[in-house]
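Protein chains in written order, with my numbering: chain P, 1 to 390; chain L, 391 to 780.
Don't take every hint at face value.
Below, simulated PhoX-like cross-link-like pairs (lysine-lysine); rule was C-alpha separation at most 25 Å, straight line [claimed, not checked]:
1) L:Lys621 <-> P:Lys327
2) P:Lys231 <-> L:Lys621
3) P:Lys88 <-> L:Lys619
4) P:Lys231 <-> L:Lys619
To be clear, the hints were calculated from the coordinates, so they are not data collected in a lab.
Computed from a predicted structure; not experimentally measured.
Protein chains: 2
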Amino acid sequence: MKGKELLLTPGPVQVPWSVALAGARPFPHHRSQDFNELLRSIDHKLKQVFRTEGTILYFAASGTGAMEACMVNLMRPGEQAIVVAGGKFGERWDELAQAFGIEAHVLAVPWGEAVRPEELAELLAQHPQARTVFTALFETSTATAYDIEALAQVCRTAGALLVVDAISGLGAIPLETDAWGVDVVVGASHKALQTPPGLSFVALSSERAWQQVERAGMASYYWDFRRAKEKLFFTPYTPAVSLLVQLNESLIGLLAEGLECIRARYERYARATRAAAQALGLEVFSHRPGAVCTALQMPPNVDATQVVELLRERYGIWVAGGQQQLKGQIIRIAHVGDITPQELIGTLGVLELVLRELGYSCRLGAGVAQALTVLEDAGPTPATASDGGK
Amino acid sequence: MKGKELLLTPGPVQVPWSVALAGARPFPHHRSQDFNELLRSIDHKLKQVFRTEGTILYFAASGTGAMEACMVNLMRPGEQAIVVAGGKFGERWDELAQAFGIEAHVLAVPWGEAVRPEELAELLAQHPQARTVFTALFETSTATAYDIEALAQVCRTAGALLVVDAISGLGAIPLETDAWGVDVVVGASHKALQTPPGLSFVALSSERAWQQVERAGMASYYWDFRRAKEKLFFTPYTPAVSLLVQLNESLIGLLAEGLECIRARYERYARATRAAAQALGLEVFSHRPGAVCTALQMPPNVDATQVVELLRERYGIWVAGGQQQLKGQIIRIAHVGDITPQELIGTLGVLELVLRELGYSCRLGAGVAQALTVLEDAGPTPATASDGGK
């Protein structure tokens, strides 16, 4: 770290100071009553974020680990599944399926578009043996939000189990796990939960999810859901205790600010970013954008990779570029994490400087003015989570 | 955490203040040059601890995850292996083998004894199809160190691959990975590396280890060694960056103090603890103790569980009890981590108070006097790692 930096990548994100400092605190032994109480307290709060009364399992692993855990606990080799792939993270479900010998029928969604529920219904009708559907809530690589409520409805009608990767979306994109009948949801610490990476979660909300675990049960040990449930609030193996202490601190702050209020803030930032983009003549890449991050298509003669590099090198601002076929095409600016209105506006401002440096013609301040207008219309911005956590 | 506590459990351990505070620092994005440099720098230092020039793979997971990674990368279902089981962690290898359909021939070592190399040679001769041996370096549940040099010699002679769980032993028990020809070594952050839990490592030191990975390759994704090697110094999925920042800080301190010097300190503490035990009429449980922790057999009329509880409740000192059949029989006092001579002596002192409170008759100060004698004979105790890290 060479100087002051601002992390506006869609994970890891800016961690509130109270959460950062909690990482330096002494932590309880993981077989203690104190730890048990800590995890129960986390669980009570995290269920409000997951919107479930089901069971949340905790893994010392990053998000991909929890995705793998779903695959090995819910499927058997040779079984069929449906995978919604509209970007790099949807494709990860497919790669996992392949790695574990699952026959995945891929619902290939054009990058930047949201999956259409009727297409899922059609694919489920075509493959009556495929009764497990894997999808993302927010496809981070294209900055596109999926309509999980509609997909859950389709799955319920077809008698299929729905598994949602909400790693980046959790807490930022509407998700009513229990109310919508989403069976399994994957989350992680380092996106809207504003904690350093290294923790992931699997929420099992339905009885039939557990029935499928009982029936399936591919070889597993570290990921074994049944073992994890037996040792609930202790976890079977040594947990990442210091990260859990930080997560607890973060959840205290998030709930103090209010989850609705936070989502409204993310959405306000996303709207402001889109307004700035429009004023600068930039296209929003996604057809169904969401509040985790916004993907902006760079003009034809501007290399997005250079935009990302200049923002970082000149201004210490980390935004993400495009992945795979979108490399060089888009930049992605995160809205989740501990970001103030000043940081958003400042970033949009220096983006103008960078674009002009790369030869793109735009009137200085034009984007910022529109972003400010969105913020003004939304009324005074409430305190951020780091204040709430005090 | 109700007050000041001292963690003398064999993992997690006392984290030096410099390492704790590093957990609060801003951390680099995991796809940055800064991160790449951080991991290269960690790797350079960690290789000195592992004593290998081979490849170290990094996982966001606790130690059991890295053990599972070895099983799925080195074996195929239906294959045979040999598992040395002289305690809970040896048995974990057996449980992993069972979970993944490996036919494990278990070398059952009486708890508290070290595996005898000739017994391993015999078992290898009996099962010529079993050419992979899984063992621990230090069996934490019985506080027993294994002679890996001799076991490696046996394996080399038999043409078998040796996989060593050094999770608790790494940095505390002699292990010359390359010089002894140990093929694969598993480590973790939260023992002698003095970092919070959540990171684990697999060091592959030999060409034939990689050949076995190429040949075997059970279904895996998160644990895939080949993928991890391709993305070396970045890791394939989001790493636990803040924990890696802490690990780096810890390794700086450990190398500044000197690894030999640190091991000498742990051994001095272990000797002092054994001397105190003898003076108090307590038996050392293990026949081949090591410097990670010392297991003390409690007198027949003293419940070890009560000793552990009283130390914790009255004095805020966390030592471990026995696991499985040793529950209620032994206590285990760790020597690894950031522990000062004062903390060791103080703990041995209040242990006398606790034993007397539970009806055991011993002369107050008798154990402490012997421990002090050991420290005095060893000469002035050098600074601990937390000072070295400044």
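Cross-check of the supplied hints:
1. About 18 Å separates the Cα atoms of lysine 621 of chain L and lysine 327 of chain P, which keeps this hinted pair within 25 Å; it holds.
2. A C-alpha spacing of about 33 Å is found between lysine 231 of chain P and lysine 621 of chain L, which places the hinted pair above 25 Å, so the restraint is violated.
3. For the suggested pair lysine 88 of chain P and lysine 619 of chain L, the alpha carbons sit about 21 Å apart, so the restraint of at most 25 Å is met.
4. Annotation: proposed proximity of lysine 231 of chain P to lysine 619 of chain L is violated, straight-line Cα distance about 33 Å (limit 25 Å).
When each numbered hint is compared with the structure, violations occur for hints 2, 4.
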